[in-house]
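A.B. asks: Single-letter residue listing:
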Amino acid sequence: MGYGDVQMIDEKGNRVDGRKAGDLRPIEIELGVVPVADGSASVRWGTNYVIASIYGPMEAHPRKIQRQERAVLDVRYNMAPFSTTDRFRPGFNRRSREISKVTAEALESVVLLELYPRSKIRIEIEVICAEAGTRCVGLTAASLALADAGIPMTDMVVSVASGKINDVVVCDLNKEEDNYGEADLPMGILPNSGELVFLQMDGDLSPEQFQEAWDYNMDAATKIHLMMKEAIANKYGGES
Amino acid sequence: MSSSGASDGRTSAAPGSLVIPGDKICTDSGGQLGHGVMKLDGSIIATKLGYIVEKGGEISVTPLHTAYFPRPGDLVLGYIEGMRANIWFIDLGAPFNAILPMSLAPMKVEFGATRDAMNVGTTILCRVQEIDESHSSVVTMKGMGLRKVNSGFVDTVPPHLVSLLSSGNNPILSQLKDASNCRIILGANGRVWVDGEPEGIRTVRDTLSFIRDNGDSDNLSSKVADHLKQGNGE
Amino acid sequence: MGQPLVPELLRTHLAELAARDERADGRGQWDGRDLSVEVGVLERAEGSAKVQMGDTIVFTGIKFQIQTPYPDRPDEGGLMTSVELRPLAGRHIEPGPPSPESIEMARVVDRGIRESGCIDTKNLCIIAGEKVWQVIIDCFAISDDGNLFDAFALAAIAALHNATLPGERFDIGEDRPLPVNKTPIMCSFQKVGGRFIYDANREEELGGDERIHITLGGDDHVHSLQKGLKGAFTASEFAEIMDAAKQRCAELKKIVDSL
Chain A
-9 MGYGDVQMID EKGNRVDGRK AGDLRPIEIE LGVVPVADGS ASVRWGTNYV
41 IASIYGPMEA HPRKIQRQER AVLDVRYNMA PFSTTDRFRP GFNRRSREIS
91 KVTAEALESV VLLELYPRSK IRIEIEVICA EAGTRCVGLT AASLALADAG
141 IPMTDMVVSV ASGKINDVVV CDLNKEEDNY GEADLPMGIL PNSGELVFLQ
191 MDGDLSPEQF QEAWDYNMDA ATKIHLMMKE AIANKYGGES
Chain B
85 MSSSGASDGR TSAAPGSLVI PGDKICTDSG GQLGHGVMKL DGSIIATKLG
135 YIVEKGGEIS VTPLHTAYFP RPGDLVLGYI EGMRANIWFI DLGAPFNAIL
185 PMSLAPMKVE FGATRDAMNV GTTILCRVQE IDESHSSVVT MKGMGLRKVN
235 SGFVDTVPPH LVSLLSSGNN PILSQLKDAS NCRIILGANG RVWVDGEPEG
285 IRTVRDTLSF IRDNGDSDNL SSKVADHLKQ GNGE
Chain C
20 MGQPLVPELL RTHLAELAAR DERADGRGQW DGRDLSVEVG VLERAEGSAK
70 VQMGDTIVFT GIKFQIQTPY PDRPDEGGLM TSVELRPLAG RHIEPGPPSP
120 ESIEMARVVD RGIRESGCID TKNLCIIAGE KVWQVIIDCF AISDDGNLFD
170 AFALAAIAAL HNATLPGERF DIGEDRPLPV NKTPIMCSFQ KVGGRFIYDA
220 NREEELGGDE RIHITLGGDD HVHSLQKGLK GAFTASEFAE IMDAAKQRCA
270 ELKKIVDSL
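Chains as they are written, first to last, in this note's numbering: chain A, -9 to 230; chain B, 85 to 318; chain C, 20 to 278.
Treat the hints with care, as some may be off.
Selected chain A positions facing chain B (in silico; Cβ < 10 Å) [said to hold, decoys possible]:
hint: 1; residue: P52
hint: 2; residue: K110
hint: 3; residue: A137
hint: 4; residue: M143
According to the in silico footprint, chain B covers these stretches of chain A (three or more CB under 8 Å from chain B) [as the list claims (entries may be wrong)]:
hint: 5; stretch: 176 to 187
hint: 6; stretch: 208 to 222
The calculated DSBU-like cross-link candidates involving lysine-lysine, where the alpha carbons are at most 35 Å apart (straight line), are [as the list claims (entries may be wrong)]:
hint: 7; chain 1: A; residue 1: K165; chain 2: A; residue 2: K2
hint: 8; chain 1: C; residue 1: K201; chain 2: C; residue 2: K273
hint: 9; chain 1: A; residue 1: K213; chain 2: B; residue 2: K232
hint: 10; chain 1: A; residue 1: K225; chain 2: B; residue 2: K232
hint: 11; chain 1: B; residue 1: K261; chain 2: B; residue 2: K232
hint: 12; chain 1: A; residue 1: K225; chain 2: B; residue 2: K139
hint: 13; chain 1: B; residue 1: K261; chain 2: B; residue 2: K307
hint: 14; chain 1: A; residue 1: K165; chain 2: C; residue 2: K150
hint: 15; chain 1: B; residue 1: K108; chain 2: A; residue 2: K219
hint: 16; chain 1: A; residue 1: K213; chain 2: B; residue 2: K261
hint: 17; chain 1: A; residue 1: K91; chain 2: A; residue 2: K225
hint: 18; chain 1: B; residue 1: K123; chain 2: A; residue 2: K213
hint: 19; chain 1: A; residue 1: K91; chain 2: A; residue 2: K2
Just so you know, these hints were derived from the structure itself, not from any lab.
Virtual Cβ for every residue (Gly too), placed ideally from N, Cα, C.
So that you can see chain A by itself, here it is in the shape it has in the complex (with noise of 0.2 Å):
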């Protein structure tokens, strides 16, 4: 990481986008995009582009990942060959294990998996084009998804990363601001009661500089919330 070398923020607070810090980059949000899955979403967040798809709750196989008392969340997050400037090689690669896991354990404390015992459900993300904050776009998708295949939550997921650059933080780190800046704070946020599903941080970030990331992020929570009601209204129609 280069601290604070490459100059990506001006005075005026014109991040290199044109953003200021509290910006967050352009979201499209489209439900039922993959017309064979039991339900299915994909967002554009920036240039990154993700689509989720669900499909269960289903007789769990093998019989071992069964769970007597509820259901398990089989995720998969995994990113295409095209969807990086360098070809990213598919097969197993430990970046997307890992982020796997964090958005299952995430999701898991949404989903009322109790009312579906042995059986799992599977949910399946893919970075079809990546810029920077993939696993919160591939979290967000992933609730959307569930919420589109009727799948029971205590709450939507909202996810977001926000960061520092020159300093100075800033909300919805871009590609050239997750590379060159300074810290990156990604926070997965039940937008209703403000309670947090997920967690991760690297970087440098002091006590204060921490709370202003923590407040952009929950901040943006609330606007993408708001995005998501807009885009659902928009398919399913505001009243029955």
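Dock chains B and C against the given chain A, drawing on the hints supplied.
C.D. replies: Structure of chains B and C alone, referenced to chain A:
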């Protein structure tokens, strides 16, 4: 925005409005809770994406999509997925398969002869007998009309529409039977068995596709009536 | 789980329909589903296309890498086709290493492109004996409702026509379009209910038997053939299919060339 982060976005919502998981419907005043809702911190919230329904004091959310959940007494269409010496495993399109014990088969079966009696891929009309403690469902084929299905075709509708299709003044199910001259059996698991002339089957399948695409609009019954009329007028 | 469950009723029903020259979704024997093709849809790929046939949706991306040429062909670049059948695209798709089906798909799509000669590998030479371009065709399924073969093949050729050699990124010179001198098109036919049909959907695939894949270039030149799955066919059945292929390939070629 406050640093506590709570969106304060829990707004009360009126019956008929679209809600997403986590949306607050109303304060918990001790009313009955139906499908797709739960109590949380003194409120009733939606757990599913769908429309709020209030009926006789009971609040529920009709989901846009839902999985089928076997209940004792349900008439269902299943596919035999496998067998052991004395039971068959039945796919009901549910979160877990059901079992059909030898003793509840429609014919006399010798121990070990399950495969000869009914093989993998057979379609059966059966009834959910019970759900045991390990959440397995047991189905039976002993009963009026329960049998192997040898002709016709099995299509699907979303399970939450099943009761809608056979209710009301001009039930959609009757409309379909009249328009197609086919025998139709609606399984609680959303599987629909259709048998008759190929033209009739095509009419039913085409209408079921229409229902799948428009299942959540109101006046589905009259919309289907119009759709059938259009089909005939071509 | 393994093999998907095929209800017996499905096969009987499809046979009944076939006997009356009908298909479940009302199509004619040689009719394809609603088709859409878009190019330039993947920002990080050097060429790309999205194809939708009914509810089957695929992306194909073209990526370039630089490699050393084979010693016996020092001025020729490389071509590789990969198929990703991810569980995203269907309930029946299990996670794990590439299945025999996806490997066959990749090889069949590859053959159609390669054997047509639409890419002259000598055009991919940078420095003879040292550096050549490798063209990688990545076929990716989003939704599998049948006939991924044709969707992948169509997306692949559309993406190739859309591709730009990234000279600038690799510091070799200017970006320039990838030279593609032909438009090979694949048509797949499956025996369903005792007769061949074009563009099987998933239901027909599940209840059907053998498949034949035909890739044709300009002037009906045949570039590749593949027969898959169990079953036998006659010479006259093949002739019928070939006629249908000629017509459909010409239609699809027009669509791709106009993008």
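A.B. asks: Each hint needs a verdict: does it hold in this structure or not?
C.D. replies: Cross-check of the supplied hints:
no.: 1; hint: P52; verdict: violated, 14 Å
no.: 2; hint: K110; verdict: holds, 8 Å
no.: 3; hint: A137; verdict: holds, 4 Å
no.: 4; hint: M143; verdict: holds, 4 Å
no.: 5; hint: 176 to 187; verdict: holds (count 6)
no.: 6; hint: 208 to 222; verdict: holds (count 9)
no.: 7; hint: A/K165 with A/K2; verdict: holds, 21 Å
no.: 8; hint: C/K201 with C/K273; verdict: holds, 12 Å
no.: 9; hint: A/K213 with B/K232; verdict: violated, 54 Å
no.: 10; hint: A/K225 with B/K232; verdict: violated, 41 Å
no.: 11; hint: B/K261 with B/K232; verdict: holds, 21 Å
no.: 12; hint: A/K225 with B/K139; verdict: holds, 26 Å
no.: 13; hint: B/K261 with B/K307; verdict: holds, 16 Å
no.: 14; hint: A/K165 with C/K150; verdict: holds, 30 Å
no.: 15; hint: B/K108 with A/K219; verdict: holds, 13 Å
no.: 16; hint: A/K213 with B/K261; verdict: violated, 49 Å
no.: 17; hint: A/K91 with A/K225; verdict: holds, 31 Å
no.: 18; hint: B/K123 with A/K213; verdict: holds, 25 Å
no.: 19; hint: A/K91 with A/K2; verdict: violated, 40 Å
In this structure, the earlier hints numbered 1, 9, 10, 16, 19 are contradicted, and the remaining ones agree with it.
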